[in-house]
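Turn these sequences into a full structure, and let the hints steer you where they fit.
There are 4 protein chains.
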Amino acid sequence: MAVLSYPISGSTLKLTRVYLIILYMHTCETQRYSEKHERDPVSAIKPDHPASLRKHFSSVRRLTGTLASRLSVEDQSVQSMPDASPTKWHLAHTTWFFETFILKPFVPGYEVVDEQYDYLFNSYYNSIGEQYPRARRGMITRPGMDHILEYRHAVDDAMGDFLNASPDGLPEEISALIALGLNHEQQHQELLLTDIKHGLSVNPAFPAFEPRGSVSGWGGSELEMIGYHGGLVHVGYRGEGFCFDNELPEHKCYVYPFNLASRLVSNGEYQQFVADGGYRQPGHWLSDGWSWVQAADVSMPLYWHEIDGQLLEFTLHGLKPLKPAVPVCHVNYFEACAYASWAGKRLPTEQEWEIASRSVQLEGDFMNFDQLHPRAAKARGGLQQMFGDVWQWTQSAYNGYPGFKVAEGAVGEYNGKFMCGQQVLRGASCVTSPGHARHSYRNFFPPGAQWQFSGIRLAQDAK
Amino acid sequence: MAVLSYPISGSTLKLTRVYLIILYMHTCETQRYSEKHERDPVSAIKPDHPASLRKHFSSVRRLTGTLASRLSVEDQSVQSMPDASPTKWHLAHTTWFFETFILKPFVPGYEVVDEQYDYLFNSYYNSIGEQYPRARRGMITRPGMDHILEYRHAVDDAMGDFLNASPDGLPEEISALIALGLNHEQQHQELLLTDIKHGLSVNPAFPAFEPRGSVSGWGGSELEMIGYHGGLVHVGYRGEGFCFDNELPEHKCYVYPFNLASRLVSNGEYQQFVADGGYRQPGHWLSDGWSWVQAADVSMPLYWHEIDGQLLEFTLHGLKPLKPAVPVCHVNYFEACAYASWAGKRLPTEQEWEIASRSVQLEGDFMNFDQLHPRAAKARGGLQQMFGDVWQWTQSAYNGYPGFKVAEGAVGEYNGKFMCGQQVLRGASCVTSPGHARHSYRNFFPPGAQWQFSGIRLAQDAK
Amino acid sequence: MAVLSYPISGSTLKLTRVYLIILYMHTCETQRYSEKHERDPVSAIKPDHPASLRKHFSSVRRLTGTLASRLSVEDQSVQSMPDASPTKWHLAHTTWFFETFILKPFVPGYEVVDEQYDYLFNSYYNSIGEQYPRARRGMITRPGMDHILEYRHAVDDAMGDFLNASPDGLPEEISALIALGLNHEQQHQELLLTDIKHGLSVNPAFPAFEPRGSVSGWGGSELEMIGYHGGLVHVGYRGEGFCFDNELPEHKCYVYPFNLASRLVSNGEYQQFVADGGYRQPGHWLSDGWSWVQAADVSMPLYWHEIDGQLLEFTLHGLKPLKPAVPVCHVNYFEACAYASWAGKRLPTEQEWEIASRSVQLEGDFMNFDQLHPRAAKARGGLQQMFGDVWQWTQSAYNGYPGFKVAEGAVGEYNGKFMCGQQVLRGASCVTSPGHARHSYRNFFPPGAQWQFSGIRLAQDAK
Amino acid sequence: MAVLSYPISGSTLKLTRVYLIILYMHTCETQRYSEKHERDPVSAIKPDHPASLRKHFSSVRRLTGTLASRLSVEDQSVQSMPDASPTKWHLAHTTWFFETFILKPFVPGYEVVDEQYDYLFNSYYNSIGEQYPRARRGMITRPGMDHILEYRHAVDDAMGDFLNASPDGLPEEISALIALGLNHEQQHQELLLTDIKHGLSVNPAFPAFEPRGSVSGWGGSELEMIGYHGGLVHVGYRGEGFCFDNELPEHKCYVYPFNLASRLVSNGEYQQFVADGGYRQPGHWLSDGWSWVQAADVSMPLYWHEIDGQLLEFTLHGLKPLKPAVPVCHVNYFEACAYASWAGKRLPTEQEWEIASRSVQLEGDFMNFDQLHPRAAKARGGLQQMFGDVWQWTQSAYNGYPGFKVAEGAVGEYNGKFMCGQQVLRGASCVTSPGHARHSYRNFFPPGAQWQFSGIRLAQDAK
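Chains as they are written, first to last, in the working numbering: chain A, 0 to 462; chain B, 0 to 462; chain C, 0 to 462; chain D, 0 to 462.
If you are wondering where the hints come from, they were derived from the structure by calculation, not from laboratory data. Hints should not be assumed to be uniformly reliable.
Since the list gives no way to pick out one identical chain from another, each pair is judged satisfied if it fits inside one copy or across any two copies.
List time: in silico DMTMM-like cross-link candidates among lysine to aspartate or glutamate, alpha-carbon distance up to 20 Å [claimed, not checked]: (1) Lys462 with Glu407; (2) Lys462 with Glu249; (3) Lys404 with Asp287; (4) Lys344 with Glu407; (5) Lys319 with Glu305; (6) Lys404 with Asp47; (7) Lys404 with Asp460; (8) Lys251 with Glu407; (9) Lys404 with Glu149; (10) Lys404 with Asp244; (11) Lys344 with Asp244.
Below is the structure:
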């Protein structure tokens, strides 16, 4: 019997009975984890169920509209940095995706809404054609919001007709593309929120995206280092639902025994790092990280503000007092590594994260207008905060899995061409759309990126 | 009898009878030119007439609103380059000017509309306080258009009350400040149009500010070089109306005999320069100009487009065929100098321009929604196109006149601190507000600026 | 019996008898490869043999001096880009290394040659103190060459005394540091050559480092894809000689069956990629790579020149006709990936490269003044050109091996802090110092780096 | 009788008898000043005297060699910023000037020393051909110093033969070009010193160009404001010696009465400005100046260093304590204007400076290895320090005089194409070559330039 990966006695004695059960699950002979959560009809998009596809299409598209509708026209137009995009552009680009990859090739006689949208709303698909410069998306004042919304309605109508015309299901190739389009739109829902958070943050009035929400800071728990055996494990997506190509193929890899922190690093812990001169000592920093700290004169995470001696944090609910039990957020890879070094630990690899994550359900506080911010850990032992608070930086550079193949055509540009100079983040955040997360999900951003809801989970080699 | 400045026989024999009369006027003993045009009650702001001030206040403020109202909220929010500002910002900044320099100091108990506006809408008055970074004005999504318009109304109401409370006139200090505020707002009316022209120009659809307008290209005339005697002349504003401090003091200077072109350089003439390799030969360019041509890979004026072999020009009425008789526009100082060198001529000094300009009335095609573009010269001899088509680059660097004093306080920052690295432009353009021009008016921009309605009038030393 | 890694029938039938013997070696039960080559007394530095250390110390230090002596004082002073350093600086920095890490801590009463050298010649050891800005090293005209050579002699003398004073060997800690210093100096010998190659390349006269050398382009062979089994293999250094900390610890990892190209990609093959529009089609490029191609307007490798219709290559022997059979060189990771995509292959992982490399001896054309350039492949089958022609880009991002620990103190800054944003290169080049290579050696550079002798070896998944 | 310009009773009563005599001279009817000093055979180059030309040729060329010979090869190779050039380049470029403008066109059969020198050592003459990028001149390690010196000797020999072949004088066109070449070389002598000063300044050891020299700080005098009448004056060169084209034509201009400071602003006075928060208050700065202060985080002049609480100044004799009576030096136009504003004064126009300067002899402490630094004012009244300490910023933008014509051909690029974006400096500095100054001399640099020996002389309108 080859045990692949399960919690062993780590640096903590607090393992609860819940864990023992999970432990048992992970020692079963299948050597594979339960896929149950991914079959949940509520959350995940199933390309092969026509009704599911229709239902998801309308709910995903509606959510994007709801997000945008909470913003003024000015808010929706702003691009506060080259990496961010205006809300307007997100609305149009996600629509363009369906028009370009479904309606144009598969609906005979379909007439595009506007020839110029190919140039304006193509993000990075060179196979489709040239694109308006990314850093200048905020310059496009026309088409205005009214035309963008008309565009959405026109494409939604055409997609509805198309989906309804095949009540027994579409060819797999097409339904997979639609599922890709919906997952793609969910990614843009999260980006819409992170981008507008940045857009609002440059306003000295610190306006709120959702003034009625709040940041709950109650709770917290001791940080335990939970042990896992590792071994020759399988990593990557296995199941029948949707996944991105970068989660494939499922493959074997060898993982040494390791410990993973039971919860995320909190604001309070990170404050100690700051207070200990963390941003003034090169010793804990990667070389590129230290260059960044010096060049940008950084002394605390993005969105932290010290005003009149008080530490505040800009959130989607406005400027709020920094709560110690809430996970630290909006740190980049450099900051995450420096903190880990200071704490005498390291970041996990993505393989470690993935095999450990299988011991918990795919549950968490996903996008919810009442609290668009990570929450304090619960006052209990065991692995928590894996999904729905912050994306967690791993020490793994983003690359293709063994056997990874870039798809033919424009869709092949979705993931593969970004496999250089980026780090993998795992989990999901408080602004990830419900139903979008997976244990095998691989998010990725350059090491300097701060504007995502990215935080820190510690790991270490098992002794 | 000291002759100051009048047309002499230049390189042309076409002097008409009209000129002979003007000639006479300029040889009169007063050595000063008629100020009649500046006393025209329709056009110029008279700080010392209470009714005039009230009337001008409401008409100038109304015109700004009219300009903005032709744009969508998105259009009004965009900042397409650091030198340009969003329409929204122009609306707010001109309002802030009256609030800051009139209402706050002179209206007892006046409560500011929003404390933060000082930071957001102060342009460059360091004496007032720090400013939101100029290049980031487009990032301010809130206050939204609705609040900006409320701000305008609140300040207009308070100003109305203030003006009405003194039916017999305000102290000179205050009325002069109000006149300054109105002239300041007129400057921003022109900037609003040049800035939105640039904002729309970066859109591949080339949308029009005013689709119903047109570009008239009929007419044209031979370019004559009209002679002027020069001598020990007076330059600078003399009169009783409003002028900016940089037009003062009126002073003596010695001007050698010169010739000035009867009209502006036309698109057709400039096209010959382009066709002759003007942008590929360093010989005609200033050193900085040639560096600019190479670094920016320039081959024609801003807003010219060669599409399918046809030359087009982007205008506030959309993309239009380039008309040969229309004055060339949106050239910078480098281009103006290079053209003049190629043409075997030079640019005038601002003194030459000013003394020659006195031979013509202060008339021209100022801002007019039917044609927001310069017009072809009229088919007649004599000096024309001095006002109302394009600003005309002079070879004079912008500096203070002899005896120029920077005013005390924040208003002293209006002009003086820009007296370095800029060139003087004279005249007025087709988007200059009616009543804003003067013979002595000194506009100024850095030599690389292209986005203003700036063109070329040639000069040469008299033989 | 667990076979780890050996050639299997790949896409070629040309496996020679030589391979079968090697194949046998690799199926032996030890599951480890022969370390014989690393025991060769001629080549590798053995910290634990006092005589070896003394001998290596003097030969390594002498070689650096020989390299520099072929250059004029001006050549030795130039820094042609921020990533390169002047020869002078290499001479001083490698000396500073011994002074700082051996003489100062371990020789009682040692007096430093110049207090300021710590600031001037410390490369990046923040634990030691601040450093003169890297990009400005070429600005330091004093100390001059005479003082730098005196510095070298003084430190060599003190090191000689120190080594001779312990004829029976130094404590392991110290001898390991000396071995590190010598390997460090060998790395700088290669950098000295790549840096001066760049320095000379910016001169329009294309001067030669060594005019008498030549570029041999005879030979060449068919490119075969040789198969390897993979499996659960060991990777990393195992042996008793010197290695860098980044080669440790030896560890297990799982490798899928793969094919590796028998030889490097040649100039002739790369020319076909160029001729096929390789630099004009985004489809084969990583996203960052395509941005680089466009921003830098790249159309061929660094040091290629098309002059009068002929393709030439700048080498350390001057400008030479490009020889088709010679390996392509000075390509960066983006170019290597794009070429591999165009060729329908991929780059190897560093694990694949390492386990395949064990089938060949640690032999090759290392630094040799007769030919400081890669050579054409030999006209035979089987794996060749693994060492001594060009470093070979792998698709592996540079990271710490499982269990990797950063050493305490300044020496800990040697490798660990660069583990972000760089790619691993394997093998060794024609300008690598003799005795410096290892099968487990991990070189690393950012993906955009071109100035190293870096080339391309293709791989693919086994079918 | 039209008085043009003479001292009137200003803010001082200390006018000495010497002044009264000069006063008389300036009230003579000729309305022109004595040109005697410019006829001095020791100092100025007379193109029309064959013997003078030969003598000057050899002495000017020799001085350049002497300057370079005091530097190591490394010193001569460094280019520490784009605006500076290596000594080596100055040596070659000044030689290229004679080869290109004299030997090639006028010596039949002359063979150029090296075809490539045209590309390497042409500074900015586009008519001659393309140039190696200015900012990269320090990258050219070959030709080495040995070849550069051979180049100088070869050209000197050829020029010697050419000059000797025409004992009765050369055609005026040629002798004028040789005089231009010699004055050009003198300009480069000064640049050589300012450039190497910058080159040495970036070395933390602050090495001296001439260790034996010293900075004399004795003396000093009260600053008086001396009055001048102004009027309709003549400005520009009048005489028979050499002058640059930008000093021509002599022309009339009207100058209002003004006062000019009797001496330069001293370090001690400038220190008060610094201590008073001069660099922290925007009120005294030009807009571009304040941007520069903030962007570059400036708090004192270039080359000032505060070390252990003591103010030091880097000089060509090394780092020296800042002496209060010595003129402040290495300030740019922004600093000069800000100081003047703080002091309640202004900078002079170049016309004011020129007409005032005629009251003093063309004498001063020109280039002298004993003190390559400005000296304290003498303890006497009257106008002093006009020549030989520091160049003095004027408020005049650099432009062509009325009637200025750019010469035909490459020589026409000497001055004219720089007439944009630069300010005129008047006088001469302590590193100006003897015999190079003139009352009408117009030096010019961009407003941000600090590395020249540039200082401040105050002026004000006469009351």
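These are the hints, each one checked on the structure:
1. Lys462 with Glu407: between (45 Å within a copy, 19 Å between copies)
2. Lys462 with Glu249: between (29 Å within a copy, 17 Å between copies)
3. Lys404 with Asp287: Only across copies: Lys404 and Asp287 sit 19 Å apart there, 31 Å inside one copy, limit 20 Å.
4. Lys344 with Glu407: between (41 Å within a copy, 15 Å between copies)
5. Lys319 with Glu305: The answer is within: 11 Å in one copy meets 20 Å, while 42 Å across copies does not.
6. Lys404 with Asp47: neither (23 Å within a copy, 48 Å between copies)
7. Lys404 with Asp460: Answer is between: at 10 Å across copies they meet the 20 Å cutoff, but 32 Å inside does not.
8. Lys251 with Glu407: So Lys251 and Glu407 fail the 20 Å test inside a copy (25 Å) and across (34 Å) alike.
9. Lys404 with Glu149: Result: close neither inside a copy nor across copies, 37 Å intra and 58 Å inter.
10. Lys404 with Asp244: within (8 Å within a copy, 33 Å between copies)
11. Lys344 with Asp244: between (32 Å within a copy, 19 Å between copies)
Of the hints listed earlier, those the structure fails to meet are numbers 6, 8 and 9, in rising order.
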